[in-house]
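K.L.:
Quick note, the sequences are listed as chains Y and W, same order.
1 is the number of the first residue of the first sequence in the numbering used here; add one for each residue after it.
262 is the number of the first residue of the second sequence in the numbering used here; add one for each residue after it.
The set of hints was computed from the structure by calculation and includes no laboratory data.
Hints are supplied without guarantee of correctness; some may be wrong.
[Claimed, not checked] When the alpha-carbon atoms are kept at most 27 angstroms apart in a straight line, the in silico DSS-like pairs for lysine-lysine are as follows:
#, chain 1, residue 1, chain 2, residue 2
1, W, Lys-347, W, Lys-519
2, W, Lys-365, Y, Lys-61
3, Y, Lys-99, W, Lys-326
4, W, Lys-488, Y, Lys-194
5, Y, Lys-194, W, Lys-419
6, Y, Lys-194, W, Lys-365
7, Y, Lys-244, Y, Lys-230
[What the hints assert, rightly or not] Take a look, some chain Y residues computed to stay more than 10 angstroms from chain W by CB distance:
#, residue
8, Asp-40
9, Asp-74
10, Pro-86
11, Leu-101
12, Thr-115
13, Ala-168
14, Tyr-169
15, Tyr-201
16, Ser-260
C-beta: ideal position from N, C-alpha, C; glycine also.
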Amino acid sequence: MKASTSFVVAAFVAAVAPSAHALAVPSEAELVQMLTVVDDRQQNTGDYRSTAYLEQKERGKEDTAFEVAFYRRDADDKLMILFTKPKTEAGKGYLRLDKNLFFYDPTVGKWERRTERERIGGTNSNRQDFDESRLAVEYTPKYVGEEKLGKLDTHHLSLTAKEGADVAYPLVDLWIDKASGNILKREDKALSAKLLRTTYYPKWNKVYSESKKADVFFPAEIRIFDEVEKGNSSLIVIRDVDLKPLDANLFTKAWLESKSR
Amino acid sequence: MITLRIALNNLLASRRRTIFLGAALFLVTMFFVMMLALTGGVLDNLIRASTSISSGHLNIGGYYKSTPSDSQTIILNTSQLKQEAKEALPDAVRIVDRLRGWGKIISDQGTVQTGLNGIAIDEEREALALLELAPAKEYLENAPDPERIKGSLDELKKPGTIVIFASAAKRLKVDVGDAVTLRTETLKGQSNTAEATVAAVVRDLGLLSSWASFVPKQTVVELYQLKPDVSGAVQIWLKDIDRSEEAMNELRAHLDKKGYAQIEHDGQPFFIKLLQTVPNEDWTGAKLDVTTWEDEASFLTQIITGLRAVSFFLVLLLAVVIVIGITNTMTIAVRERTREIGTLRAIGMQRWRVLALFMIEATLLGIFAAGAGGVVGALASLLLDAAGIQLDIDAIRVVLLSDKLHLVPRLVDVVAAVLTLTAVSALAAFLPSLRAARITPVTAMQSAE
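Could you build all of it, start to finish, from the sequences and the hints given here?
P.N.:
Written out as structure tokens, the structure reads:
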């Protein structure tokens, strides 16, 4: 008798559970919408300027730290990264023009083309970490489930890079705060599905954008942990975000060169 | 003939002086020959190491650029290119293709940046014959059995294996059988990894082994997501390595005729072009690049140039000492033999024969002493080479491109050293000989009184 009762309960759970799960699972369109919201909250229609502090810890090596100034003009995909501290690095910089990333070193006075996946200042971060968020455009999402991240309720999404998307990590897992819509945690994986790095976004700030007529959100702190080379980590602190229009001549090689003269 | 006999008698008569000068010439020539043998050994190491680790005698490499800034070192239609090489070079003895990759080998305790050579071990056994398995003491700290040798290059037949050099194993703190992760980016720039087991650890071959490893071709194909018939380079070995440059021009002309796009010949290794030259060019698509082993190892030829410069400088310094010694000794000899010279002049010996007499004396001294020095230097080099002396200091291994002392005395070097030092000896004697030739019989008699 006991056995048959258990069987009935099990059969009921088996029959009902998938449909209950289906009710909780957002549709593909809803997931894309979720990513679009994440992207939109960070995007700004005008210009962007910020100061960032980068710190890199690498096993067997001395810690390194830099201060950089970021300039972005999303309307025509331009990006400038200027190293300001320490003195030995000051004047170095990256400039992206027409999908080409260039690096300038004032000590040799030369420009070099660099790959889009260049490790900025040798840290675990790359150009995409500082660029505008394009998750909805670059990835196809899949819902994993609702999960607790500490005290916070999150949506756990698994993303796969779309064919032809120019991304460093083809597989990504995201934990989005249900309450705020901000990303709290991100896992970047290799094509082989091996976990490469985990990124935490413990603090988000917002700035009102005149051009967008809405708030623009940005992570005030990013902590990146290398999952293959255990012990390597990067800390990025972003501050002084300014969305006022930038000088028209800023995204030029001449401007970056002038900073080290 | 009489002049020659007088010169020889003079040498034998002044035995102390002859032995003193001869010993100096002997030692300098021996040193010179041994330095040349060391340079020859490094050159030999360079040829053997570079044509095993990174290059054939000739290479058909290539670059593919999807955008002007993203360049990859790959060639398309590899089997067709092998066929072209076969057609253009009838003296090719082996034509294989290798995949080229660059990434990290990561263990639990360390990371090294390395070149990943994707090879088919069955095709390359001969080319890799130089690689010797390293005993545990060369890469493990406190190895329980220091002389233990483990693993095999043949394990590369199995997927998911890797062969690394002892210096890399030391930094990674891994042994044969340990697991490592290989990390790189696909051609589209996406991160990718592969797991591998260390199949063998081989002895270092100097600087070249600092950034090389061997994996099965399939590993590189999967890491870079390559399509079939795509490879890194076609490597060609010729019957005669000295024909490399000529063969390169023939192959370039052949590929040109067949319509393959090629980049201009630039005598630098492929990785320097990949990092510096090619990304700064505005073209996109695929271009081939035919190079010789010397191009691919050009960054190492500086070591040879450096060694030659050091040898030349040291020998020059010693030659100056010899010139001063010979000039001084000959000047004293001329003064001591003024009476003899006067007598010879009085009985009718002409000035030029007096000059020749002293010059022949110095030349004979040079031929015997430098000749003996050259022969002993060559024999000593051969003995040291046969002894296979192990080099324990890393910096020396890096410069000499081997973990053993390797000397190659070449006949041409020995002859050159002997001739050079003989000429130095003769030239050093020229001024005192000229002074001797200028002595008049009257002056000689006056000095005798």
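K.L.:
Checked against the structure, which of the hints given earlier come out wrong?
P.N.:
Numbers 7, 11, 12, 13, 14, in rising order.
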